[in-house]
Amino acid sequence: MKSTSKNLFLLLCIALSLVNCTKIDDLQDDPNRALEVPPELLLTQLETRAFNTISLSAALATRQLVYTDGVNSDQYYNWQRSGFGAYDDLKQVQQMILEAERTGLPAYRSLARFFNAYFIIDMTRIFGDIPYTEALQASEANFAPAYDEQKNIYLKVLDELKTASEELSENGEDIRGDVIYNGDALLWRKLINSYYLRVLLSLSHKTGDTDLNIISRFREVVNNPQDFPLLTSEEDNGVLPFHNIEGNRYPLFRNNSLQTAYYMEKTFVDKLKTLKDPRLFAFAQRTPQAVDQNLEVTDFDAYNGLPGSAPLDENVDKAGNGEASMINERYYTEPANEPGILISYAELQFILAEAASREWITQSAEGFYTNGIIASMRFYGISESEIDIYLQNPDVVSEDPSPEMILTQKHIAMFLNTGWQMFFEHRRTGYPEFDISGGGVLNNGRIPKRWMYPAKELTQNQAHLDEAIQRQFPEGDDINAEMWLIRE
Amino acid sequence: MKYYFIIIMLSITPNLFAQHGVSGKVTDTDGIPLGGVNISVPGTSLGTVSDFDGLYSIRATSDRDSLTFSYIGFKTRTVAIGGKSQVDIVLSEDTEQLREVVVTALGIRKETKALGYAVQEVQGAALEKAKEPNFVSALSGKVAGLNIKNSTDLFQNPEISLRGESPLLVIDGIPDRTTDLWKVNADDIESISVLKGATASALYGSVGRNGAIMITTKKGKEGKLTVNFNNSTMFQPSFIRVPDVQTTYGNGDNGNYAYVNGGGGGSEGGGWIWGPKLNQPDPSTPSGYMETPQYNSPIDPETGKRIPLPYISRGKNNIENFFRTGLVQTNNLSIDWGNDKANYRISMSNVYQKGIVPNTDLNNTSFSLGGSITPSDKLRVTSALTYNKQYTNNFPAVGYGPTNYLYNLVLWTGTDVDVRDLRNYWAEGQEGYQQRHYNTSWYNNPYFQAYEYLQGYDKDNLFGNLSAEYQLLPGITLKARAGANVYGLQRTYKEPKSYVGYNEKSLGNFTVQNTNYFDITTDFGVRFEKALTANISLSGEAAYSGYYRLQNFHSTSTDGLNVPGFYNLDNNAGSTLIGENREEKEAIHSVYAFVDFEFYDTFYLSLTGRNDKVSTLAKGYNSFFYPSVSGSVVLSKLTDLPGWISFAKVRGSWSRVSDGKIEDISGLNANAPYNYIQAYDKGQAWSNSQGTRYPSSQYGRLLISGALKPKTSDSWEIGTDIRFFQNRLGIDVAYYQAKDYNNLENIPVSDASGYEGYLLNGNIYRRKGVEFTINATPVRNDNFRWDTQLNFSQYRRYIDEIYGDKTYTANRLKEGDRTDKLNNVSVYQTDGQGHIIYENGFPVSDPYGRYIGYTEPDWTYGFSNTFHYKNFTLSMLFDGRIGGLMYSSTNQKMWWGGISPGTVNQYRDDANNGESTYLAQGVKVIGGSVSYDSNGNITEDTRQYAPNDVPVNYISFMKTTSNAHNENYHYYSQTFIKLRELSLTYDVPETLVSKTPFHAMSVSFVGRNLWLSSKIPNVDPDPGKDNLQAPSTRSLGFNVNLKF
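Residue numbers (the UniProt record's numbering), protein chains in the order written: chain A, 1 to 488; chain B, 1 to 1044.
Read the hints as simulated data drawn from the structure, not as lab findings. C-beta: ideal position from N, C-alpha, C; glycine also.
Output of the computed footprint for chain B on chain A, the stretches with three or more beta carbons under 8 Å from beta carbons of chain B: (1) 6-13; (2) 57-71; (3) 79-88; (4) 138-149; (5) 255-262; (6) 452-460; (7) 474-486.
If you want the ones that stay clear, here's a sample from chain A, every Cβ over 12 Å from chain B, calculated: (8) Asp174; (9) Leu212; (10) Ser357; (11) Gly367; (12) Tyr380; (13) Asn393.
Taking lysine to aspartate or glutamate and the DMTMM-like style, the derived pairs with C-alpha atoms no more than 25 Å apart in a straight line are: (14) B:Lys585 to A:Asp29; (15) A:Lys449 to B:Asp941; (16) B:Lys619 to A:Glu36; (17) A:Lys23 to B:Glu583; (18) B:Lys585 to A:Asp26.
Go ahead and model the full structure; you've got the sequences and the hints to work with.
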């Protein structure tokens, strides 16, 4: 019996040990993730981040829409902090460069210059000085980078953009994973050069700065179309198409708030009504009162907005009484709706028009201005005959369009698109006027000039942040302080 | 023929003499009857237990047999029957040999006096009567330091923390890393040992670093065949806590409401409950009340418009009308039998839970087999196997949002809507496409949700173990054991068209998710025991242990549905199905050993050591050793203590445990167990304008150190166990401290570095706590006995060292701060004297987060009392918490949305009339300015103030502030006391039972969750968090236990 027991025990031990003999070393590769990827996988990701520019907050801050579910800080101008989230995008750009070098595909390196410029400009115009030279050095153990002066960031960005376009004329083959231009390097150069002009115009307060040489840089591009191709029609628009596929739909598709708590802004609607602008019908719905009265969709009297500066309760009352237009249904019923715009041909034309009106370039502003209007109206599907009628409206056309007219058209062309661009245009030029006359506006009735630095910098990068604040803003990290970019 | 006669004689003899009956009474030295004394006949499998009156009767095989009487805490006595039919016996207390035995790590039974650390045991019998759907909830309030936060929702895990950390679950010595709290049926539990602290469980390795809840399942017992049937039926007929809402005002905004199409905008008021006053007389209308078009208005056939209906408070009882009586029914049948060679137990259980939400339920069925064989006195083989199935076609979704029933039923539905009118939940002519509700942009019709949005769950668990022990030489035993957990889980989500998600309406969807899981733990070891002298003995074990886990996950979803209500992946409306899959493999190889010394029954010392090699850290960093030491001294043996001290012991321990697995890192959880590898994650795929689809990648948000070491905790504890007055009063106190270092943490870095954080070994924390358990038997006499237990504990965690050269953590904690400090809460600015600053009548936000309190309770306590009177047992358990803040979404949203009773006031009427009359208490700035340093400290303040004199619209004010500044920013004290358990049991006396086919019978009436008193309104603080919890229910029912 004893030996039987012993053998039985040994048999059990052998059986048990058979089921568990995996080597540790064999389990140390992640089967679910890749350590290296081709750069095209990063390009797709970056494009969907940079070109997805639909922002309700921006539409509130630029007096295009109004919110009625509470006192909104974008609408009533008492916002505080913004974030450094775009540094994560910049890191993806950094990875794309690494993968491009690893795989020997230099076009991605050149596209990376553009994305670098785009994301850093997107942030510096929000805050002022931000980390740039020392940014993205975590792998070199720099976890609290110093802040660069805003001017230096702009200087570097301008050179980067120029280099990007130049390089792409040489190495622009083999761009895959491109959902914007399908790998067409010429279109990318057009977009980059047009964006370069946007950046130059955003520096319009700095024309006297000899380091920057804004005007001569601007002229160089406009006068050398061979070396600096620009967007030539709305076909060339830098846009991200949305699709009726999970994750690729228009960001506001089926959005509940848009159907219940957002209304058109009154000064914006009034402007379109004054100009008899048919784009109003593409932006808005008739008011419930107008629907009750069976007013036509094409009747300008069927539309009305809520004043963005009025106290919340007044707007809620008016909305409740059916006096306000909501946004056009297509924004929440159409899965693809309209694409996200990074920069459009229309915007480029308004940039050129403003430059002409500022006499940076010798061409007349009128042609650019008119082209911009036409391109924008085509984007919204306005018929050619309606465009012709519009262009005969003396309130619209002008041989010598004023900056206010140009920026008003830009404001209309950027309805719920192109991100926060229109807010910064207004900050730079003061046009078109954003209404702050109502009793609801906070921040002592002022439109803020910037955002406070992210709270995380207070705990994680305090010394550099303090230094940056002190050299820029004697009043402290304040939303009403003026950064270098907009100081004369 | 002779032989035949002898054989017949031999075979019938026992039967003839088996009729020898003995009965008697067992008492203690004071003459007080002792119930529960084990009485056995040595050399046979016969045995019984004395009843509450100390009476017993047993049938011995022969009048020459003896009887052995044993009872915990008393000296065992064996007496010869000597032909008597009545044997009364007096047992004396064994203060010298207090042989209390508990199950410790690796299933080893040890005497409590030998333990150098805190262990508390709960007998399975304590869980049998007042049933909870899972056994962990039934432990609430019973164990000091074990804090259980019970969910009010169906099929949601209670949150378990042992000394502030999440403990390991161990079933029959095999760690259950799936921590499935539903797969063990309470009826199959013999006992639960809670091993507190790291020392107790160092032998399980890293997974045991936070202590362990050890479940020992029932096995067959030596003795006659026993059939046990237990039924417990609990109803949930009412609520102990449900949101108290106003019924004065209805849906709408600024006092206006008129239904148009359910879209929610315009005159529908955006889904707010800030509408007109209900039940307003209006002589001009047919009903005599104010009338307005509503969702259920008939349509005028001539005008095509909706006919206004009276706007009255119809839905005051919406909660009672919608929810139904819940039910938890548990049935268990078990059969066990055994002799000295083999024993076996079969158990079948079913728990059926009917949810309070219509069309929700949960089934939980188990089938267990277990037993052991002892083919020779050198070999013993034990095995257990359980098959468990958990399944439901629909259980409620939880969390704040339109998937939550209370959200749709109470929080965002004014009482102008009567839920009974919503039973017909499809819009006319749009069956399958559009639900019918008063607002179809933001909210779901609760009935539509209950009957059309279905969350299915089907899990098959199979787990078991096999162990063998072989005695090689006297004092040396070889051991082998393997235990496995296997499960297959299928979850389905059926989402109808028009179902409202948080921010969008569904196109209809169907999702299927499958998980396959397998793990196995195997141990091979050798155990030795050696008595060095009569008073010094030594024992120990050395072993190898291996662990391997394999898990696969796969999920497929449609992108919209073509045909409504047809839930099949083939019905996908989109151009492609959406899929995801993941594979995880993990292994740990370990060797460990321990040695126990015992001197003179007085001094005990135990040493352990373990080395792990894990697959979850990089090569070169993945093998590590950790030791522990613990000991105890029985003072009552060492010196002469006063007579009223029956027993006294002090204990102490120190341990180090290291853990090589990276967990609980936000953003990395999906990569477990490969978190230590820096790699690309999947990004959003996109199509170009031609429809060609491109995948994408993104690099991780955290930088991961290439030199990650295991995280380590060094902890020590001291404790004492003192018993007084012949064990009538016992006090157990434990104090512990742990230092957690090399923590595998996401250390925040400036986002500008490219990463949100750096995953490295950083920060040092200190945990400490104290636990008291007081047991007493204040009264014990012939007919009556009162047992009571009070336990209470406190736990704190501090950050002692912040990694790097930083003053603050991301939550603005400084070194030395408690980690539960709320120091970064968004608040409004004040003038320094506690007055809120207003601009335009609205409070001004503070750009810096501020301190408002701590979240950890000061004390967690449980107080139980059991009264025995003859055959009746009454027991009750109160438990609760004192102090600690919790955030309440329910309360915040009630103020915000307009459904809080606090919003019923004159200001609201004024606002409805378009008047701005609400003047918030505080100040406004009339001059000067303030500047802050970057820590938010005021550096210069020249502000001048005047009292706030800007009246505002009350509704705008509440919609903007949620009244947060008057409600501590909706952080409420958790302080509460709850009557957790009340049961009355009647054990049918032996005299009555003997007339039935049963061996024993008992009937209990039980209640759980009967009464609650708390500081926080509208929600039950028990879960410790509130993200719009389900109403908290009261359970009442009965339990029947029959033994054949």
